[in-house]
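Here's the letter readout for the chains.
Number of protein chains: 2
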Amino acid sequence: MMKLHWSPRSPFVRKVMVAAHELGLADRIRTVRTVAAMLKPAQDLMPDNPLAKIPTLVLEDGTVLYDSIVIVEYLDSLAGHRLIPREGTTRFTELRRHALGNGFLDLLILWRNERDKPAPLPALLDAFKLKTDAVLPAIEKEIEAVAAAPLGIAQITFAIAGAYMDFRFPDLGWRERCPRFDDWQRGFAARPSMRATEIVDA
Amino acid sequence: MMKLHWSPRSPFVRKVMVAAHELGLADRIRTVRTVAAMLKPAQDLMPDNPLAKIPTLVLEDGTVLYDSIVIVEYLDSLAGHRLIPREGTTRFTELRRHALGNGFLDLLILWRNERDKPAPLPALLDAFKLKTDAVLPAIEKEIEAVAAAPLGIAQITFAIAGAYMDFRFPDLGWRERCPRFDDWQRGFAARPSMRATEIVDA
Numbered sequence: 001m002m003k004l005h006w007s008p009r010s011p012f013v014r015k016v017m018v019a020a021h022e023l024g025l026a027d028r029i030r031t032v033r034t035v036a037a038m039l040k041p042a043q044d045l046m047p048d049n050p051l052a053k054i055p056t057l058v059l060e061d062g063t064v065l066y067d068s069i070v071i072v073e074y075l076d077s078l079a080g081h082r083l084i085p086r087e088g089t090t091r092f093t094e095l096r097r098h099a100l101g102n103g104f105l106d107l108l109i110l111w112r113n114e115r116d117k118p119a120p121l122p123a124l125l126d127a128f129k130l131k132t133d134a135v136l137p138a139i140e141k142e143i144e145a146v147a148a149a150p151l152g153i154a155q156i157t158f159a160i161a162g163a164y165m166d167f168r169f170p171d172l173g174w175r176e177r178c179p180r181f182d183d184w185q186r187g188f189a190a191r192p193s194m195r196a197t198e199i200v201d202a
Numbered sequence: 001m002m003k004l005h006w007s008p009r010s011p012f013v014r015k016v017m018v019a020a021h022e023l024g025l026a027d028r029i030r031t032v033r034t035v036a037a038m039l040k041p042a043q044d045l046m047p048d049n050p051l052a053k054i055p056t057l058v059l060e061d062g063t064v065l066y067d068s069i070v071i072v073e074y075l076d077s078l079a080g081h082r083l084i085p086r087e088g089t090t091r092f093t094e095l096r097r098h099a100l101g102n103g104f105l106d107l108l109i110l111w112r113n114e115r116d117k118p119a120p121l122p123a124l125l126d127a128f129k130l131k132t133d134a135v136l137p138a139i140e141k142e143i144e145a146v147a148a149a150p151l152g153i154a155q156i157t158f159a160i161a162g163a164y165m166d167f168r169f170p171d172l173g174w175r176e177r178c179p180r181f182d183d184w185q186r187g188f189a190a191r192p193s194m195r196a197t198e199i200v201d202a
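If you read the protein sequences in the order shown, they are chains V and S.
Quick note: the first sequence, position 194, residue 194 per the numbering used here, numbers continuous.
Quick note: the second sequence, position 158, residue 158 per the numbering used here, numbers continuous.
A couple of the hints might just be wrong.
For chains that are exact copies, the list does not tell them apart, and a pair is met inside one copy or across any two.
[Claimed, not checked] In the DSSO-like style, the derived pairs of lysine-lysine whose C-alpha atoms are separated by at most 30 Å in a straight line are:
1. Lys141 - Lys117
2. Lys117 - Lys129
3. Lys40 - Lys117
4. Lys40 - Lys129
5. Lys129 - Lys141
Derived by calculation from the structure, the hints in this document are not laboratory data.
None of the values given here were measured: they were computed from a predicted structure.
Isolated chain V, as found in the complex (with noise of 0.2 Å):
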């Protein structure tokens, strides 16, 4: 077995879990609750990975793997490359979508620590707000043609930010601003393997 340094509301640990269900692996891990967060760094996972992030694989010899795209691809190896295309322009256009759902991923979190913080810059508050105002239309323009692609991350990777959105910024709107993103990702939600992994609010 394999075992995955997880915890239930990581959307990139979802990720990885989502591409594990879809190849068919999922069984192959096992999932350890690590609670890694940015105030309280996980000391028990630090000699796996020093940077004390979520996910984190160990492979059956030992070998360690991060982060979550990387984790993905190894995953994607093992079962004959279906979500990642191996090389050429489908490649790069699905790594590079990958990267904006991705790195919106990373935005949203670190937009939710500074929120959250006793006293929050508002010149920070603001520029993740743009920002976000510059992806969602992103992101809603370009859906038909991610939808249009074979099943990959980058689809995994937009429905999961979906998701967090409903989550933890439900206030965003984000439904009624992307129509087409959201009809597309309902669908996508209803998938075994997002159902799954659906986040759990403890």
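Given the coordinates of chain V, work out where chain S should sit on it, guided by the hints.
Chain S in isolation, oriented as in the chain V frame:
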């Protein structure tokens, strides 16, 4: 010509430029100075990259690529895959080592942003210090294996992380704390690719 949204002090931009020099592609890239700060998103960059992050590469046909590792892999694919092994254990080891160096750079940049705020959150500064105190020994422990591997994106990223600490975190004393990393980094920093991309304080 490809166009690269660039700044002289971003370590992620530097990673792309060192890779371009090592691959003999630097003269096919036109750099465009872009000021992308956490508090001041670069609005002129957003049409190419709504996350407003550098580096962002625009190909001759208008295709946009980000983030930095996607750009590096693209350039590497143009030059015969010399900086990232194409498959197998060596690929995932190279990518995991890159993720360590790159995640450390992410951490240092967030640390600097917090440190420079009017009212930094002490618990957050403590968390950055705790992680850095785990990352530095991890790099020191692994640097001989990294140095023994062929030139690749892991070496480039660790060398840039060292230079970035000299520039932004001189008080860390990383060279005293990590004598093997120090020694190796001094040698790597003498490469023409590193000399051509030295961090300039404006």
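How the hints compare with the structure:
1. Lys141 - Lys117: neither (33 Å within a copy, 35 Å between copies)
2. Lys117 - Lys129: Both: 17 Å inside a copy, 19 Å across copies.
3. Lys40 - Lys117: both (14 Å within a copy, 20 Å between copies)
4. Lys40 - Lys129: both (26 Å within a copy, 12 Å between copies)
5. Lys129 - Lys141: within (19 Å within a copy, 41 Å between copies)
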